[in-house]
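Colleague: The residues making up each chain are set out below.
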Amino acid sequence: MTFGQLQLLAGSFSSLIFVSSNFPMLWKVMKTRDVKSYSLGQIILRNLGNLVYWIYIASLPVGPAWYLQGFFTCSGLVLLVCYLKFDAKCYPFRFANAKSNYLSHYMEFLKAGDRISKLVRRLGARNLQVFHAHESRYD
Amino acid sequence: MDVHAFQLFAGSFSCGIFIFSNLPMLLKAFRTRDLKSYSLVQILLGNLGNCLYWIYLISLPIGPIWLINGFFTLSSLLMLVGYLYYERGWAVHFGRIDNLRPGGRVRA
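Line by line, the protein sequences give chains A and B.
Here the first sequence is numbered in our numbering, starting from 193 and rising by one per residue.
Here the second sequence is numbered in our numbering, starting from 0 and rising by one per residue.
None of these hints come from the bench; they were simulated from the model.
Just so it is clear, CB atoms sit at the ideal spot from N, CA and C, and this is done for glycine as well.
Treat the hints with caution; some may be incorrect.
Just the calculated beta-carbon pair ranges, DEER-fashion [as the list claims (entries may be wrong)]: (1) Asp-1(B) x Met-193(A): 34 to 40 Å; (2) Met-193(A) x Arg-30(B): 43 to 49 Å; (3) Leu-43(B) x Lys-303(A): 43 to 49 Å; (4) Gly-69(B) x Leu-237(A): 17 to 23 Å; (5) Leu-79(B) x Phe-215(A): 16 to 22 Å; (6) Ser-11(B) x Ile-236(A): 15 to 21 Å; (7) Leu-218(A) x Asp-1(B): 35 to 41 Å; (8) Thr-194(A) x His-3(B): 25 to 31 Å; (9) Pro-23(B) x Arg-314(A): 25 to 31 Å.
Work out the full structure: start from the sequences and follow the hints.
Modeller: In structure tokens form, the structure reads like this:
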């Protein structure tokens, strides 16, 4: 293995480490929908930095730096979308998301109605049995 | 301004943005001395990644990428020292703080 290949291997391995250390953050945001610990200004600044940095990265030979920057750009964009979607202050984007929330509430309502009707039917059947038992006792 | 100079300027500008957006994290960690939200494994992995990245980085021409990786290496080293110092009791061990709990007196 030449030194150049070793350098590329080290770059790829370290890029993998950086990517894997960033995944839990993205996963947590998407799972908990909690973006309170982030600020919109910081996220926009980070995305701006990533876009401007591409102008410089384009001058470097294609390698781990490109892949790592590609990942950071994607993760920054995902974080921005999540923030706009989940943060309560972002009204227009929250409204777009609200439709799906209404739908899920409606589905829950239907399920609850189904459960209630089953319960009523079961109770009715039991009352009917009790009624028949009373009737047979007085017959 | 030729293309190469413009690229270097863009790289330096974005490095400034990255450094500026990372500084509050460092300042908060050292001001509050609260590093509970960090994990030692994550910090160690970050340091390992930075060290390995340097092997690749020396194959690239000196430029903003060196500067930004230098800053990230330094900041993750500081985070490691801060974590060991405040969360793993090194501050108590070295006699800088009487007690790590709130209200613990800092010795002069």
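Colleague: Could you check the hint for me, namely that Leu-79(B) and Phe-215(A) are 16 to 22 Å apart, CB to CB?
Modeller: 21 Å, holds
Colleague: Within 43 to 49 Å or not, the Cβ separation of Met-193(A) and Arg-30(B)?
Modeller: 46 Å, holds
Colleague: Holds or violated: the 17 to 23 Å window for the beta-carbon distance between Gly-69(B) and Leu-237(A)?
Modeller: Given a distance of about 20 Å, which is inside 17 to 23 Å, the answer is holds.
Colleague: Given a hinted range of 15 to 21 Å, is it respected by the beta-carbon distance of Ser-11(B) and Ile-236(A)?
Modeller: 20 Å, holds
Colleague: Quick check: does the Cβ-Cβ distance between Leu-218(A) and Asp-1(B) fall within 35 to 41 Å?
Modeller: 38 Å, holds
Colleague: Taking 43 to 49 Å as the stated bounds, is the beta-carbon spacing between Leu-43(B) and Lys-303(A) within them?
Modeller: The hint (43 to 49 Å, Cβ to Cβ) holds, given that Leu-43(B) and Lys-303(A) are roughly 47 Å apart.
Colleague: Check the following: the C-beta atoms of Pro-23(B) and Arg-314(A) are separated by a distance inside 25 to 31 Å.
Modeller: 59 Å, violated
Colleague: Given the range 34 to 40 Å, decide if the beta-carbon distance of Asp-1(B) to Met-193(A) lies inside it.
Modeller: Holds, since Asp-1(B) and Met-193(A) (Cβ atoms, about 37 Å apart) stay within the stated range.
Colleague: At the C-beta level, are Thr-194(A) and His-3(B) separated by a distance inside 25 to 31 Å?
Modeller: Given about 28 Å between the Cβ atoms, the range holds.
Violated hints amount to a single one, hint 9; each of the other numbered hints is respected by the structure.
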